[in-house]
Amino acid sequence: MSAPLLQVEGLHVWFDLEGGGELHAVQGVDLSLAAGERLGLVGESGCGKTTTALAIMGLLPPSASVAGRILLDGEDILAGGEAAMRPHRWTDVAIVFQGAMNALNPVRRIGDQIVEALELHGRGSGAAARRKTAELLESVGIPAGRAERFPHELSGGMRQRAAIAMALSCDPKVLIADEPTTALDVMVQAQILELLDALCRDFGLALVLVTHDLPVVAQLCDLCAVMYAGEIVERGPLDLLYHSPGHPYTRMLFAASPDLAAIDEPVLSIPGAPPRLDRPIDGCPFAPRCDSVFAACSVRPPLEEIGEGHVAACHLNAAVPA
Amino acid sequence: MSAAAPPLLEVDELVVRYPVHRGIAGTLARRPRRSVHAVEGVSLSLRRGEMLALVGESGCGKTTTAQAVLRLVDPVSGAIRFEGRDLAPLGARELRPLRRRIQVVYQDPYESLDPRLRVRAAVEEPLLIHRLGGSRAERAARVAEALRRVELSPPELFLDRYPHELSGGQRQRVAIAAALVLEPDVLVADEPVSMLDVSVRAGVLNVLDGLRENGLGILMITHDLSTAVRFAQRIAVMYLGRIVEEGPAAEVVRNPQHPYTKALLSVVPRRDPRDRQRPQILRGETPDAVAVPSGCRFHPRCPLAVARCSEEDPVLARPATAPEGHRAACLLLPQA
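Residue numbers (this note's numbering), protein chains in the order written: chain A, -6 to 315; chain B, 2 to 337.
Chain A with its partners taken away, still in its complex shape:
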């Protein structure tokens, strides 16, 4: 087995709250990704998936404190602070955000923005940078002529493509895509997913797809990590997560995603809301919303191996069948 390209070990993130107190947004996350692998990082709003992504990029705001290890090719980029992170940001790990409009500067032509990124990272300047920009735009399906356009002159799908081109400008090994298709129409979403699929296949890019949309992950990724209340509650091959989930939350999330192949099945709603993360959680954090809760759930379950490369944090897996 190849050594992992990106490894996250025991990642914790706390945010200082105004008026005192802390919000424990990420509570001991472990992830591992080899070259060319595609991992879906899934969960509801506030589960810590975006915070995890930002921590990997070293882009958390100053109000955040971070603990744990983030290894890139075996080197801990978290321990060395910003000085250790900077050489890797964009050149080894890059991120694409949900609203491409927010990632792009509205008053600069998209081509100029990519040229600037290239120059800033010493990836060429002048005519060479222009050529590389045209290639990058071409590789994400934007005709090179559109390099002269401003972001507002492009459609949502084209803007997202431009943001992907910019993220790819320094040839990263890992691309983190945070809800890359959430604001897009289904047809444009399909175009962007097809593009991400091709980029992974053709360039061996490793992908972390952060989303709340399980069917999107199901179509694009091989691995999946499900987050709830700041921790990973299940992780493993996507096929196992769908066909033999080890956590009720995973099963219920799939059942809450309507599917055209099962139009007569009821669509499930998961009652209640995730717990607050500014206070300690007793027992299993999902227990109040779980449909299979039992006595053991008053103790927080550890993340345990339940199959090959498949871990879950649920007492049901340890329960001896009667």
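Quick caveat, the hints were computed from the structure, so don't treat them as lab data.
All figures in this text were calculated on a predicted structure; none of them were measured in a lab.
Among the clues, some could well be false.
[What the hints assert, rightly or not] Computed cross-link-like contacts, SDA-like style, restricted to lysine to any residue with a CA-CA straight-line distance of at most 25 Å: (1) Lys263/B with Asp206/A; (2) Lys263/B with Ala254/A; (3) Lys263/B with Arg293/A; (4) Lys125/A with Asp164/A; (5) Lys263/B with Ala176/A; (6) Lys166/A with Leu192/A.
Position chain B relative to chain A; hints supplied.
Just chain B now, kept in the frame of chain A:
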């Protein structure tokens, strides 16, 4: 169907256009006035106790159609009949008593609720605006009842909260309650769950479903076919200002006739990782509604288009391959 009772809501050959600003230079140069042909001859009907899903991509005219139904935009031509009475020619004063009967819920409950109003005030406000609801006590009773109908109960638990103290799903329920408090006959729901977490979407949709069962007519605007088929009785698919296919929801999804509907269905992601289909991805995006293609509007992107498609404009009709009530607008379909 009996000819006696008209549908609750009937839209007939609706046309809505928005003028394109020429700018000072354009005006001086006397460039021709152009317009966005947002809706070009849309007809649909909605009965009591029915949800009709209007499905399509951004820019197809689905939201404009809904705004015309709400009379928030003025149609160029066509009729919008509510219980048989045409709303299109009515002025603001005549519309006022009718407005409470056609209410709307928007996509983003983070924007549609005033952050400074407690739930109590947000749900009561429409009553005050419409001078309905009688005494303070009667209004309070109506507010509580509206919250119960959206399953925010007991209402006492929610009345004094501010929007920021509610989850996304709860906010959208408050927005629905504020529409319901006026006891409307028609509810326009514009992408009511697309901003919400997947885990709570079905809860909000089930609330709408329960209201529908109790007689409300719901026009749901969505781009999500998998939600539409689960909750709507009928689906109408729009493309560039026209309805290209319409019929019973399950029938449209199981037996799609129009190439556009087929393509849209093929790109809806399936949740089973083994069920990876080859999506039929249409290139480019919906063309500009300023320069509408000749003939069939879909022909430049249609994988099946033949020469005839750029010349003839197809009409909605029942194809031989579909049952009564299922219609599509495609020249290549054999007519029944």
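**OP:** If any of the earlier hints don't hold here, list their numbers in rising order.
**Re:** 3
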